[in-house]
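Engineer: Residue numbers for the first sequence follow the numbering used here, beginning at -15 and rising by one.
One thing to keep in mind: the hints can contain errors.
Capping the alpha-carbon separation at 20 angstroms, the derived lysine to aspartate or glutamate pairs in EDC-like fashion look like this [said to hold, decoys possible]:
#: 1; residue 1: Lys280; residue 2: Asp231
#: 2; residue 1: Lys338; residue 2: Glu283
#: 3; residue 1: Lys276; residue 2: Glu309
#: 4; residue 1: Lys83; residue 2: Glu58
#: 5; residue 1: Lys238; residue 2: Glu255
#: 6; residue 1: Lys317; residue 2: Glu207
No lab work stands behind these hints, which were simulated from the structure alone.
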Amino acid sequence: MNKLDHFNIDQFQLDLISWFEQEQRDLPWRMDKDPYKVWVSEIMLQQTRVDTVIPYFNNFIDQFPTIETLAEAEEEKVLKAWEGLGYYSRVRNLHAAVKEVAEKYGGQVPNTAKEISKLKGVGPYTTGAILSIAYGVPEPAVDGNVMRVLSRILSIWDDIAKPKTRQQFEDIIREIISKENPSFFNQALMELGALICIPANPACLLCPVRNHCRAFAEGVQKELPVKSKKKAPVPLSMAAVVLQNEDKKLLIHKRPDKGLLANLWEFPNHESISELYTQKEQLSDFINQEFKIQTKIGEAYTTIQHIFSHLIWNITVFEGEIIGEVIESDSLKLVTVEELRQFTLPVSHQNILKSFLDR
DNA sequence: AAGACGTGGGC
DNA sequence: TGCCCAAGTCT
């Protein structure tokens, strides 16, 4: 039994693309088909809502309008333009990949799946999105929307959280994608998922392809897609301190270039390990050894919780003073509140700063 | 394959 | 409040 038996591919393409031509949103990355802008938008849109991305995209393109300008930009500036968007490795990978395109491809984004998919941060979805939208190549671009929409239309009950399932959807898309307009076909599927075929309470009565939809016919649209639940985030106790010197400058530290919040700046902190001695003593000992400074840590004045996708920071926030000299380095600096604006802080540490200024 | 990797919004 | 999500990729 083939899922596509009795499925009218030509009529489906027509109904879907006609709807998209009529109803698509005006979005800044739809102004033209510049492969670079398509690329930037696709990276920003990974796991991120359109409304969140719009201002970031406009600002990013203002600052880095071309491959060349981004390739030549300093990482500090590039990270700053991403501040608050999350998944920061996206922009570090984009930066590295754009440099590669500048050097290896003369500033032209390559137009084959083989070459595009080798670029850092460009996986199967983004490869298909760039190829179809910027170059009109009929390549699948299977994201969460496409899996949700297709699982309903074809009544597919495989778990879309499994990596293997995405491959199966790619195989199906290869069979039904419009060869004449793969760009609109792929975008229409995603637009439909964003506007009509939404996760909860899909607006089937407004759907341009409901006559093609098996889940709608069977009344099971709310049961699809099947998606296994993610593990709950793990709570972690942490102590952080806003340290001032005699000039009221604040001590900040640059995180390592790998892992969580890589290369972002933060206030000195560490994970609380045992109950053997107080959080304050642990923090003090850690900072003295890690940064080779002497401090007088005061009292905790607030607590801040920050929830990531996979963990929760429960941060006890202290204030304190630095005794004597600080030897600054590439990863340790003393800055005024004004100067701090140029550094990229994760939202959790932006909140620590606010709590300090408001205390 | 499954976990790491951010954040803000909706209900 | 708490949970799920939103145009995924890397290891």
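Engineer: What's the verdict on Lys83 and Glu58, does the C-alpha distance respect the 20 angstroms limit or exceed it?
Structural biologist: holds (11 angstroms)
Engineer: Is the Cα-Cα distance between Lys238 and Glu255 20 angstroms or less?
Structural biologist: holds (16 angstroms)
Engineer: Assess, step by step, whether the Cα of Lys280 is no farther than 20 angstroms from the Cα of Asp231, and give holds or violated.
Structural biologist: holds (15 angstroms)
Engineer: Check the hint pairing Lys338 with Glu283 against an upper bound of 20 angstroms on the C-alpha distance.
Structural biologist: holds (17 angstroms)
Engineer: Given the hint that Lys276 pairs with Glu309, does the C-alpha gap stay at or below 20 angstroms?
Structural biologist: Holds, because 9 angstroms separates the two Cα atoms, which is no more than 20 angstroms.
Engineer: Taking only the CA atoms, is the gap from Lys317 to Glu207 under or equal to 20 angstroms?
Structural biologist: violated (53 angstroms)
Of the hints listed earlier, the one the structure fails to meet is number 6.
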